[in-house]
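Enquirer: Here are the chains, one letter per residue:
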Amino acid sequence: MATLSVRDIADDCLGVSGDLSVDSDVYGYIFRDTDGSVFGTLAGSDTLVGSGEATTRSLKRHLQTISGRAFDMVPILVDHENDFSGAVSRDDVTKIQYAVQITRDIYAQQNLGVRRLVWQRIPSADAGGYADLTDRSEAEDLADDWSGPNGGIDVFFVQTLGDAAGWSNRSGSCDKDSKDDLTGAVLVVGNSRRFTGVLVAHEVAHYLGLAGGNSATNLMGVNNPSTGIDAIGNNSTGLTNSQGTTIRGHCSVQSPC
Amino acid sequence: MAGTSRPPRLTPKLRDLVAIDRHDRPPVGRLTPAQVTTLTAVARGEDRFSEPVSVAHALIALASGARPELALPVLADVAADRSAPRSDRVTAARQLGRIATPQAQDALLRRVGDPEPRVQQVALAGLGRFADPAALRPLAKTIEPSDLAARRQLALTRALIAHRHGLDGPFLADASRAEHPPGQPGQLATLTLGRKTAKKTATDRAKLLGSTYGIELADRAYGLACGKARWTLFMNADLGDSAAAVNRVFERAWIVGLLARWIPERIAAATQYVVLSRPIGGSARLDVVSADGIVLYTGLAERGKGELSFGIGDVDRPGSAPTSLAGRVTGRGVVLDLSSAFASRVGTRATTDVQVRR
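Keeping their order, the protein sequence lines are chains A and B. Counting along the first sequence from 1, when you hit position 110 you're at 110 in the working numbering, and nothing is skipped either side. Counting along the second sequence from 1, when you hit position 250 you're at 1250 in the working numbering, and nothing is skipped either side.
It should be emphasised that the hints constitute simulated quantities derived from the structure, not laboratory data. Incorrect hints may appear among the rest.
Here's a subset of chain B near chain A, in silico, CB distances under 10 Å, partners left out [to be verified]:
#1 Ile1060
#2 Arg1086
#3 Gln1153
#4 Ala1269
#5 Tyr1273
Just so it is clear, CB atoms sit at the ideal spot from N, CA and C, and this is done for glycine as well.
Let the hints inform the model, and build the full structure from the sequences given.
Expert: Structure representation (structure tokens):
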């Protein structure tokens, strides 16, 4: 059995070397709460999908998935200042890190990794009203106006979104200048940690090619044909082999490193 | 004893309406007095409930299902409460815009000077969707917002009132069309514009979400397709659809129509852009404007022989996709003589790296 080396994978897959912080450099969890925790203040219902426990995660499994077929994620904090004087709070960013870990656990079921997190922001002075969106058409405007670096899937985090918890495009484009697509996922950060994780995984799965589903325990939930919005909950975490095959065929999924 | 009383429990319907962790928004329907009372308590944070509740969802439910005179005081109070979370204040102000009554207009006017720019902007956006000319005087007295987006929203709100009511202003500042070299075939998206039947227009109208900006919609709309994107262009019924009627764009300012984007395709159309016109010399200026006041496309309409001709193109700004359209409005609808639309945007604004102190 091949040995997994943190240093080799960090160098080969993530482009980082030297003194490594596992949380910051290998997982990409660069934020800390005031008490030093990467996942912030958890509620009793917050559990990770992989372990079923509040914070337990497997470094070995993480190294396996990011060195296999994987994609990069570009979390974009809308109306954020580095000193947290904008709309985004420290609780928001640790929640997003928890959500990413849940997303990783869900995709790991199909041996797919979320390799790099490329943290981006839209400064408060430039964000205008984009942190508070009325509906899907304004989500479209946000993704039309702003793009993260190429190579990863843009995931915009906003404070309010009137008509759903998130929007994404099905089979989204890998060309972020494409005019006709919602070039990323847009979702609200105000829900619980566990649900935000399911929501991130769900919207990104749309972008990677999955349609709405018909099972409350599947990641794609139960589609409502009259609204186009899927009902999902904290237990909507399943991912079938067929869905895994679809996701792995998306243009943003990279080869093993 | 009050200190030992159990936290109130929610009925299944109310639990559904105010639950956190919901992706979709459940239908609200007509609320009973008891439901309004409980939702008001949730919105005001007056009771501790036996399960987590969302103030924002309670505000949305009240605006949708309670009588306006019951919902409005709650919405106005939360919007004005500077100790409330910003997201709740924004949601309350947004819902006041949905109520769209004279009382809501007054409540929103009280928020246009709010020190929180996002509350200010959402209040202005709401007024832009329905306010009458009486709002122009207090808006003229509003101190120019220091926040760029709120300032732009104020300009749009004043312009929308003028266009809706055919006033001589105030209008948006003139925008300039971008100059682009002609696109090569591989760079261009296919663009089509076709008139819809009255039946299809009614179907689209039933699926329209968002504001109609206070205009009556004409019986016949247009379908606009550019690449994979689809819109329905709803026209102002007051302008009619004959060339003679459309010539009214030379007589006064109008909200000509609304561009509603289909997302998800065929399921729901959300108002994305507003088309404005105003007389300028012997012509009429046409502007396609986003909900936050950015002029995206601009051009002119001219009188022709028994028809109206127009040319419109994209405004020079980051993220624009070079676009040029020219055509005529005849007795049988709109005919496109030229359409050129790039499939990609130019100069999309790039996000900034997050910096974290280790």
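Enquirer: Each hint: holds or not?
Expert: Here is how each hint holds up against the structure:
The restraint placing isoleucine 1060/B at the interface with chain A holds, with a minimum CB-CB distance near 7 Å, inside the 10 Å limit. A least Cβ separation of about 7 Å between arginine 1086/B and chain A falls short of the 10 Å threshold, and the interface hint therefore holds. Nearest Cβ of chain A to the Cβ of glutamine 1153/B: about 7 Å, under the 10 Å cut. The hint holds. Here the hint on alanine 1269/B is kept, as its CB sits about 9 Å from the closest CB of chain A, short of 10 Å.
Interface restraint check for tyrosine 1273/B: the shortest CB-CB distance to chain A comes to about 8 Å, inside 10 Å, so the restraint holds.
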